[in-house]
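Student: In the numbering used here, the protein residues as written are 5 to 959.
Please note that a few of the clues may not be correct.
[Stated by the list, open to error] Quick list of the computed label-pair ranges, beta carbon to beta carbon: (1) R829 with E867: 39 to 49 Å; (2) T630 with Q367: 24 to 34 Å; (3) L561 with S600: 49 to 59 Å; (4) P303 with S689: 55 to 65 Å; (5) L309 with S761: 37 to 47 Å; (6) W603 with T654: 12 to 22 Å; (7) S255 with L684: 24 to 34 Å.
[Stated by the list, open to error] As a list, the in silico DMTMM-like pairs of lysine to aspartate or glutamate whose alpha-carbon atoms are at most 25 Å apart: (8) K169 with E136; (9) K798 with D381; (10) K358 with D486; (11) K208 with D290; (12) K511 with D381; (13) K208 with E158; (14) K208 with D815; (15) K208 with D265; (16) K121 with D883; (17) K358 with D334; (18) K358 with D340; (19) K511 with E393; (20) K358 with D335; (21) K511 with D543; (22) K798 with E744; (23) K121 with E199; (24) K169 with E184; (25) K358 with D391; (26) K358 with E313; (27) K798 with D832; (28) K358 with D290; (29) K511 with D537; (30) K358 with E393; (31) K798 with E764; (32) K169 with D340; (33) K121 with E184; (34) K169 with D193; (35) K169 with D381; (36) K798 with E785; (37) K798 with E206.
It is worth saying that the hints were derived from the structure and are not from the lab. The beta-carbon is built from N, C-alpha and C at its ideal position, and this holds for glycine as well.
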Amino acid sequence: MLAVGLMLPSFALGAGQTGAGIGMLLEQARASDPDKATGPASSEADSNAPPAAPASAQASAAADAKGASSAQEVPARTPLHAAEAVVFDSAFLVQGSDGQQIDTARFARGNPVEPGKHRLDLMVNGQWRGLEDVEFRRASDRAEAEPVPCFSRELLARAGVDLDKAARGQDQLGNTQMPEGLVCAPLSDYVPGAEVRLDQGEQKLYLTVPRIFLRSGSSPTYVAPENWDQGIPGARLNYHTNLFTTQANGSSQTSGYAGLDMGVNIGSVRLRHSGTVAWSPQSGLDYQRGLTYAQTDLPPLRSQLLLGESTTGAEFFDPVSFRGVRLSSDDRMLPDIYRSYAPVVRGTANSNAKVTIHQRGYQIYETTVAPGPFAIDDLQAASYGGDLEVRVTEAGGQVHTFTVPFATAVQMLRPGAHRFSATLGQTNDPSLSHRQFLLQGVYQYGLDNDLTVYGGASLTNGYQSALAGAAINTPVGAFTADVTASNTSPPGGRSHRGTSYRLTYSKNLPQAGTDFSLLAYRYATPGYLGLSDAVAMRDRADRGISFGSTTRMRTRLDANISQRLGNTGGSIYLTGSSMQYWNQPGTVLSFAAGYSNSWRGITYSVSAQRLTTQSLASSAGNRTNTLISVNLNIPLGREVGGAPTLSLFTTHDDRAGTQGMLGASDTFGQLSQGYYNLSLSGDSSSNRATANASVSYRLSSADVGASVSWGNGSRQGSLSASGGVVAHPGGVTLARSLGETIALVHAPHAEGARTTSQTEIDRHGYAVVTALSPYRLNTIELDPSGMSQDVELKQSARSVAPRAGAIVRLDYPTQRAFPILIDSRQPDGRPLPFAATAVDARSGAVIGAVGQGSRLVVRTDQERGSILVQWGGQQCQIDYALPASDGARQRGFQQFELPCRLLPAARPAAPDRSGTGGAGEQADWTRREAYGADQASAAGRHFATPWRATGSVTW
5 MLAVGLMLPS FALGAGQTGA GIGMLLEQAR ASDPDKATGP ASSEADSNAP
55 PAAPASAQAS AAADAKGASS AQEVPARTPL HAAEAVVFDS AFLVQGSDGQ
105 QIDTARFARG NPVEPGKHRL DLMVNGQWRG LEDVEFRRAS DRAEAEPVPC
155 FSRELLARAG VDLDKAARGQ DQLGNTQMPE GLVCAPLSDY VPGAEVRLDQ
205 GEQKLYLTVP RIFLRSGSSP TYVAPENWDQ GIPGARLNYH TNLFTTQANG
255 SSQTSGYAGL DMGVNIGSVR LRHSGTVAWS PQSGLDYQRG LTYAQTDLPP
305 LRSQLLLGES TTGAEFFDPV SFRGVRLSSD DRMLPDIYRS YAPVVRGTAN
355 SNAKVTIHQR GYQIYETTVA PGPFAIDDLQ AASYGGDLEV RVTEAGGQVH
405 TFTVPFATAV QMLRPGAHRF SATLGQTNDP SLSHRQFLLQ GVYQYGLDND
455 LTVYGGASLT NGYQSALAGA AINTPVGAFT ADVTASNTSP PGGRSHRGTS
505 YRLTYSKNLP QAGTDFSLLA YRYATPGYLG LSDAVAMRDR ADRGISFGST
555 TRMRTRLDAN ISQRLGNTGG SIYLTGSSMQ YWNQPGTVLS FAAGYSNSWR
605 GITYSVSAQR LTTQSLASSA GNRTNTLISV NLNIPLGREV GGAPTLSLFT
655 THDDRAGTQG MLGASDTFGQ LSQGYYNLSL SGDSSSNRAT ANASVSYRLS
705 SADVGASVSW GNGSRQGSLS ASGGVVAHPG GVTLARSLGE TIALVHAPHA
755 EGARTTSQTE IDRHGYAVVT ALSPYRLNTI ELDPSGMSQD VELKQSARSV
805 APRAGAIVRL DYPTQRAFPI LIDSRQPDGR PLPFAATAVD ARSGAVIGAV
855 GQGSRLVVRT DQERGSILVQ WGGQQCQIDY ALPASDGARQ RGFQQFELPC
905 RLLPAARPAA PDRSGTGGAG EQADWTRREA YGADQASAAG RHFATPWRAT
955 GSVTW
């Protein structure tokens, strides 16, 4: 037995925090010194048994015991925080001048979990792995034995645990193989070093597993395909509208524009259509259709299937619009470590050794390996490259190092990884008069650390091309080389054959802060045509235009280099390109250079561009154009978002002269949702000055803006609005512009609460989170500070891993109830016992506890009712009646002084499992904390102490 003495603060706590807080302090005392138990248990503690489980829980436990033959036998054991009874030292826990003792018997066993199935968020090494139904069974036949979690091989596989590797053990000597079925033994029996912890307040089950026993590719943010959410049926619309008017020289013009992206989700199929609407008083409305297609993802193939209209990729062949079907791999479905290239690090250890890997002077990886050869294939290195320094530290302290070259190119893949794309259909270019047959396929495969090979082919009417290439990782950088051969047969003409060679090079020098890349195209023969040129050429041929008039590139050279000049010196960049054409003489040269830096909040940059066209035709000569720009931004104060920024921008163009702009801009609003810009611009070529003003504002349902400008006899004005509309089974919700994948948040009666993206819940209880990362864990939290005090948010955070294009629905349960603070005393004037339980007399649900000063805070959905206050074997009743509502949005907090009349003794109430705190609604009680969550719920968010009450059990 452990005796605990507490010094309690003098301020009054909310009832929920008080009750759960004692339980937390008890758990902390037990965890810090579990062995210093002295003396027998007091008779008071022994006579007050823990609250009985609900009837449903008892029935569930009986059913579980009846079917225990299908599971492994539950061993008799005592996990940490389980069976040991604890009492407080009553000498420290007295109330009032008469020395009245406080009843703390119900905290004697902390915060135990009830037997049965509990739906919990499964967290592995701190990362969410899905929502699982985890069964808890008692560790022995004793009623006071604490239930323990049971696992199956299938559940652990979904969590990313490699049980075969765990059975072999880190030392390869072999451990116990986990049997099939439900196993309720300690997880560490089968996964060495594993720990399990339950957080009942958050309803999360935490598994800590040594990294070596996780499956390769089981990255922290990766979510298994079976946990991807395909979303709900619904329709969506994105719109961008603009109304523009101008007046000059006595005339005026007005026009309007609307860009529309529409879609419907049915199961895992996404139907999409885009188009534009143009309007003017002269021509009226004109609708221009865009793309229409249906798309779905295929998780087993890690790919996307599209049927309809789209555009082919531009990485290997020229992009062309098509109408047909396309199947392409989607790297977003892969674990993070496989989405980008990094080499496999191979080596040999002579003992159990520690392997550390550094890149650019930073440690990016560490693991422990067994004696013998090892291969590290789950490395997440910087995508822009930098050689890897590998250090192997043996058990005896010996250290040996080696370097793995790492320079990356777009085409590089990890060993064994692949990408593919296959398209079948017709060309669909509205500028062409005829559609042509199209077949295209591309495949990439990573052979090893240093070599990725790829190939592809394109076929259309009278045109064939084939591509073969490789990406190579070397100590001096990454090279990509490929060859494309084409054969073009225009109608009624001779065939044209040609070959194109392409070479790319990239290298990063981290010590010097230099990034260098070189891209060269060379068309070896005049007969080579790319896919888009061939399609256009055949269309011209069908209209009687000769092949020779088709513009065909001969050579192109691009070079880019950037350099960082130390920590405070800023950075510079240089770019250049050269292009030549077969049927046009001369060379087109372009160069650009720039410098940027900042100093004490002031940012500045300067850049220069030069374009030269050298023509071999004597009549044309050389044409050169130079553009120089200077930009300066000065904040007019140090307050973040509270002071405007002064901007100066000037450009000089050889042809257009000099232009300048002086302006001021800033954000406004509590959340910086507004933005304004005032400026004055001038043009030396026309000697004109123009004043400009614009303002924009982000609403939860749209982005709106307006602008005006005037000067030199002309005026212009515009109004704009953009946003989204989501139609769903619960109604229609307005939102800001929608991304590919979105979430529909539903929190009934929570109008005014905000999501993490600062979207406000509307009066119907809905909001839209406009951008989620598909196939990745997304956590959306609600901030309740703006919602009614009469509403309590039962859950403030939800996690989801959506499929691409989905509309996922996230429900946040709420309770509409009135917060009440009651000052009450016993009939003889004595205060109510501190920590006594407050029970709803109608439903029997625990709704709070007595705090210091004989006060209790409760929430109720009834305008009149009774509260039972229970302690030990005694109880009294408080009758309350709320004043009539004045019709306002919320009643808010109400305070009463009410007597508590004594009643016959009754056994303590069981914890509330309804999920409503007495509202009468039945919910899945397994999603609630055994005691602490009910108490924290009763206290209410407006009376929270600096900590949150939770229960935690560790095995």
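Student: A separate judgement is required for each hint: does it hold in the structure or not?
Tutor: Hints, verified against the model:
Hint check: R829 to E867, Cβ distance near 24 Å, so the stated range 39 to 49 Å is violated. Roughly 47 Å separates the CB atoms of T630 and Q367, a value that falls outside the hinted 24 to 34 Å. In this structure, L561 and S600 break the distance hint of 49 to 59 Å, their C-beta atoms being roughly 26 Å apart. Separated by about 59 Å at the C-beta atoms, P303 and S689 satisfy the suggested range of 55 to 65 Å.
A hinted range of 37 to 47 Å is violated for the C-beta pair L309 and S761, which are about 30 Å apart. W603 and T654 have their C-beta atoms about 19 Å apart, which keeps the hinted 12 to 22 Å range intact. Separation of S255 from L684 is about 26 Å and conforms to the stated range, judged on CB atoms against 24 to 34 Å. Only pairs whose Cα atoms come within 25 Å are accepted, and K169 paired with E136 is accepted, the gap being roughly 23 Å.
Among the hinted pairs, K798 with D381 is inconsistent with the structure: their alpha-carbon atoms are about 43 Å apart, more than 25 Å. For the given pair, K358 sits about 41 Å from D486 by alpha-carbon distance, which is inconsistent with the 25 Å threshold. The suggested pairing of K208 with D290 is violated, with an alpha-carbon distance near 55 Å, which exceeds 25 Å. Our distance criterion of 25 Å between C-alpha atoms is met by K511 and D381, whose separation comes to about 23 Å.
Between the alpha carbons of K208 and E158 the distance comes to roughly 19 Å, so the proposed pair stays at or under 25 Å and holds. In summary, the hint linking K208 to D815 is supported, as the alpha carbons are separated by about 17 Å, within the 25 Å threshold. Distance hint between K208 and D265 is unfulfilled; the C-alpha atoms sit about 39 Å from each other, more than 25 Å. Distance restraint check for K121 and D883: the Cα-Cα separation of roughly 37 Å exceeds the 25 Å cut-off, and the hinted pair is therefore not satisfied.
Between K358 and D334, the direct Cα distance comes to roughly 35 Å. Violation of the 25 Å bound is thereby established for this hinted pair. For the given pair, K358 sits about 24 Å from D340 by alpha-carbon distance, which is consistent with the 25 Å threshold. A hinted pair counts as satisfied when its Cα atoms are at most 25 Å apart, and K511 with E393 qualifies at roughly 17 Å. For the given pair, K358 sits about 31 Å from D335 by alpha-carbon distance, which is inconsistent with the 25 Å threshold.
A hinted pair counts as satisfied when its Cα atoms are at most 25 Å apart, and K511 with D543 does not qualify at roughly 42 Å. A C-alpha spacing of about 29 Å is found between K798 and E744, which places the hinted pair above 25 Å, so the restraint is violated. Taking the CA atoms of K121 and E199, the gap is about 20 Å. The hint holds against a cut of 25 Å. Taking the CA atoms of K169 and E184, the gap is near 16 Å; set against the 25 Å cutoff, the hint holds.
A threshold of 25 Å between alpha carbons decides the hint, and for K358 with D391 the separation of about 20 Å falls inside it, so the pair holds. Annotation: proposed proximity of K358 to E313 is violated, straight-line Cα distance about 53 Å (limit 25 Å). Note on K798 and D832: the hinted pairing is violated, with a Cα-Cα distance of about 38 Å set against a maximum of 25 Å. Pair hint K358 plus D290 does not hold up; C-alpha atoms about 68 Å apart against a cutoff of 25 Å.
Pair hint K511 plus D537 does not hold up; C-alpha atoms about 32 Å apart against a cutoff of 25 Å. Only pairs whose Cα atoms come within 25 Å are accepted, and K358 paired with E393 is accepted, the gap being roughly 14 Å. Of the pairs offered as hints, the one joining K798 and E764 holds, with about 18 Å between alpha carbons and a cut-off of 25 Å not exceeded. In summary, the hint linking K169 to D340 is supported, as the alpha carbons are separated by about 22 Å, within the 25 Å threshold.
For the given pair, K121 sits about 19 Å from E184 by alpha-carbon distance, which is consistent with the 25 Å threshold. Distance hint between K169 and D193 is fulfilled; the C-alpha atoms sit about 14 Å from each other, no more than 25 Å. For the given pair, K169 sits about 16 Å from D381 by alpha-carbon distance, which is consistent with the 25 Å threshold. A threshold of 25 Å between alpha carbons decides the hint, and for K798 with E785 the separation of about 12 Å falls inside it, so the pair holds.
A threshold of 25 Å between alpha carbons decides the hint, and for K798 with E206 the separation of about 11 Å falls inside it, so the pair holds.
Going down the numbered hints, you'll see the structure goes against 1, 2, 3, 5, 9, 10, 11, 15, 16, 17, 20, 21, 22, 26, 27, 28 and 29, while the others check out.
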